[in-house]
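K.L.:
Since the structure of chain A is already known, use the hints to place chain B on it.
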Amino acid sequence: MEALYVTVPVAMAIALFFLWVFVKAFKKGQFDDIEAAKYRIFFEDEFPKQDTKKPEAE
Amino acid sequence: MEITEPAQTVTACDHCGNPFRYVKIKARVEGEEKYFCCEGCETVYSLIRSLGGDKYYSLKGSQILEPVSLAETSEDLNIDNDAVYARYVRPVNGLSEVFVQITNIHCSACVWLNEKVLSEMDGITFAQINFASGRAKIIFDPSKLKLSQILSTIRAIGYKPQLYSPGQSTNNYKKNLTSLFLRIGVAGFAFGNMMVLSVALYSGYFSGIDSDFKRLFHFASWFFATPAYLYSGYPFMKGFFTSIKRKTLTMDFLLFFGISLAYFYSVYVTLTDRGEVYFDSVAMIYFFILIGKFFEEKSRLHASEKLEAILCRLPEHSIRVVNGEEKEVLSESLKLGDRVKVLPGMRVPVDGIIESDALQVDESFLTGESKPIGKKRGDLLLAGSLALDSHVVFVATTDYHASTLSSLKLRMEEALLAKPKIQIITEKIASYFITTVFIISLLTLVGWMIATGGDFERSLIYTISVLIVACPCALGISVPTALVMNHILNSEKGVLLKNPSVVEPLAKVDHIFMDKTGTLTEGKFLVRECTIDDSYFPILYRLEKQVNHPLAKSIIKYLSTDGRVPSLSKEIMIESFQALPGKGITGSLEVKGERLIVAIGNAALMEAEGIAVNDSIETGSIVHLAIGGNHLGYFVLADDIRKEAVGFIQSLKKITPKITILSGDSEMPVRATAETLEINSYFANLRPEDKKAHINQAQSRGETVVMVGDGINDSISLASADVSISHTEAEDLSLEKADVVLTSGNLNGILFSLLSAKKTRQVILQNIIISLCYNSIMLPLAVFGLMLPVICSVFMAASSLTVLINSLSLRMRIK
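These protein sequences, in sequence, are chains A and B.
For the first sequence, numbering that gives the first Met the number 0 gives the first residue as 0, with consecutive numbering after it.
For the second sequence, numbering that gives the first Met the number 0 gives the first residue as 0, with consecutive numbering after it.
One chain only, chain A, in its complex shape:
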C-alpha cells in the first residue's frame, strides 16, 4: 500500500493540470457561448468559397 505515497501526489498533480486546462479554456472564451457548438458543426461550407477572405481571430 506504500504506493499510495506516490499515487496520491501524482493524482493531485494531474488534477491540478486539468484545473489549469479548465482555467485556460475559460480565459480563451470557450464557455462564452455554450449553445453554439452543437449547431455550428452543421455550418461548415460544403462549397468552399473562391476568394481568400479569411475570418480574423479575436
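Please keep in mind that the hints were generated in silico from the structure rather than gathered at the bench.
Some hints here could point you the wrong way.
Unchecked claim - Computed beta-carbon distance windows for the label pairs: (1) A:12 / B:449: 49 to 57 Å; (2) B:208 / A:15: 23 to 31 Å; (3) B:142 / A:24: 34 to 42 Å; (4) B:428 / A:30: 34 to 42 Å.
What the hints assert, rightly or not - Computed cross-link-like contacts, DSS-like style, restricted to lysine-lysine with a CA-CA straight-line distance of at most 30 Å: (5) B:297 / A:26; (6) B:292 / A:27; (7) A:23 / B:297; (8) B:544 / B:375.
Heads up, the beta-carbon is just placed ideally off N, CA and C, and yes, glycines get one too.
P.N.:
What follows is chain B alone, placed relative to chain A:
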C-alpha cells in the same frame, strides 16, 4: 411572379412555414415552383437560394418563422455620424468592430443566414453571432462600408438589427458571472477530488486505517479544500466582513462563519493528528451555493441587457432650437427647458411637452401598443417614442438622464438587486439561531471548564464541536437550491422567473387579472367582413399604402389577396392626401381622368364628412369607405383569440376561480372574448389608472394578485400587482417590469409557474424544517460531549444532501 389559386398540395409557405391565409404567391426559383405567403418571404427565399443556401432550410427544420415584412429603413440612415461611431464602434487593428443585437433570431438557421449574408458583404472580415444572446460581432473595414449598410442588409433579409454597446451595469453583471463560473469550476474540482479521499477516510473509520495513510488523506484533502475555501468562498468572505461592519447577521455571515469553523478545525485536526476532518463539506457547500448564485446573476444580466438594448435606441444627436436657430447637439447635453426639434422618422431623446402642431407617434417600444398615437400641442411626449408623420418641436421637461426611460432603468436595477422575501425570512431565522448557538457554546465552554476543573483544551474541543454541529449550512442552501431548481424547471417550459421572490406570491395567488389584446388574443387584426365592391380595391390599396397604421396594414394584406390590385393601383394618381389621427384618411385621387374625393375611416370620420352610416355592428374595428360623399361599404377587422386560451382558462379556474379581464378596448369585443373563454368578470374601456385601481381594490380585500399583460398601458398595473407576467412577443419595457416572462409566448407557461411555485414553497418549508431538525438533534449531544466526530461529519454532509435531494425532487413532484 404570379398569384394563383391556392393549390391543394402545398399548405404552408416555403420560406416561413406558416399556413396560407389569404395569398399564395407562386414563384419560380432556380427552375422550381415555390409558394410563399407574402412578397417578403419570396424575396428572402430567392436571396437565400442565391447564396447557395439550401442549408438554411435544412437547419431550420420544421420551425415556423414570422412571415417577413420588408421593413422600412429610415431609422438606419441617421446613424452614420461620429457620435454613433464613437459610442458603438471600436477600432481593431485598422478595422472596426461593432456589436449588433438582432432581435428576432429564433433558431440556428437564423444565425446561419445572418452570418452568411454578412460575411458575403464586401468589407466585412468577420461576423459571428452568439447563439444565446443573438448578438452579432462584426469586424468591418470602415473605408469600404458604412454602418447603415450593414444594418439595412440585415433588415433586408427580414431581421431587426440594433446597434449594441454594453453599459456599466451589464458589464458588471457579466464580470460577476464570469468570475462566478470560475469559482464554481474550482469548487467543483475540489469537491469531486475530495470525495474520493473522503470515501477512503469514512470507510477507514469503521474498518480501521493506518494512521500514516489517514494523515496523507488529511493533507491531500487540505490541499484540495484550500482553493475552494479561499477562491470559491471569496464572495462569502466579503459578505462576512460587510456584515460585521454593518452589525447585521446575514446569510453570508452565517455561511462563512460555519465554513471557516469547519475549515480551521479541520486544519487543526490535520496538524495535530487527532479527530476527523470536514474539508469535503467546505467544497460541497460552496459548490451548490455558487450554482444558485450563478443562475440568479444570469437572470439579472439578461434583464439588464434587454433594458440597455432599448436605451441604445435613443438618438445620439438632437436638434436644439435656441431663439429660432437650430443647432445639432449631443443628446446627452439636453437639459430641462431646452427646446428640441425631432424630424419625422426619428426618436424623441427626452420627455417633453409638445409646442408644434399635432402629429402621430409610435410608442410601441414603450407601450407595446402598435397603433400610432395622435398627440397634439400641450401633450406629453415620452423619450423613446418615434415621430411618424411630421416634425415636432417640444420643450424638454427633464434632463436627458432623468427621462421616463432612464428613471425606469434605475428602478429596474434596484428591483434586480432585491432579495427574495423568503430568503429574508430564513436569514432572520438563522440570525436568531446563531445568537442562540453562540450563547449555548459559551455556556458549554464555561460549563465544561467547571466540570473538568479547568481543562481548557477539552472544553475548547467540545465548544468547537457545538459550533460545528450547529453550523446552519443546510439552512443556508435550503432556499437557494429549491429556487434554482424551480427556475430551471420553469425555463425548460419557456417561463423565465426574473425575480426569484415571485415564488411566494405565485404560490398564494387569489385573483388573476388578464389584459385582452395581445394576451388572450393574438394582437393582430384581420379583416373579417367586407361589404365593399372589389372594383374599389385599387383605390383603397393606393391610399392605405400611404399610412403606417396596423389597421391599414391588415387591409393592405387583405387587398393583396387579389394579385391585380397592387398593379392596378399604380395607375391611380394621388392629388392630395391627409391622414387624420384617430379617424382615418381623406384624399383626392385621379382615376382614369376622373377626380374622386375619397374618405376611408371610422364612423367619426364619416360623420365629419356628413355621411350617414349605420354603426350597429360592433364586433370589431370598422373601417368605412366613402367616395364623393356616398357610403360604399365597410371592413370589419377583429382580433383572434389565442389558440391555447380556452384550455388555459379552464385549467386556471381549477387553481383560482377569480379571473378578471381588464381591457382598454370597447365593451363589445371584450364581452365577446369573455364569453368565448367563459370568464364571468370583465371590465372594458379602462384607462391604465383604472386597471391599477381594480388591482388595488382586490389587494385591499387581502387578495394576492397576479397581473398578466403587456405594454406600458399595462405597466402601471403590472407594477402594482403582487406578481406580473408578460411575454416576450411584446418587445418593450413591460418585459422589464414583469417578474415572470413567458419566453415561449404560450399561456400555459403561466399554469406551470403557478403549480411549480406551490410545490417550491412546500419544498422550501420542508428544507428549513429538515435542516433545523438535524441541528437540534446534534446540538444537545455536542453540548454534553457525547458527539463522535465522525458521526458529526456524516451528519453535516447528510443534512446538506437531504436538503439538496429534497430540492431536486421538485422535478418529480411537478408533473
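K.L.:
Hint by hint, which ones does this structure get wrong, listed from lowest number up?
P.N.:
Hints that this structure does not satisfy do not exist here, as all of them hold.
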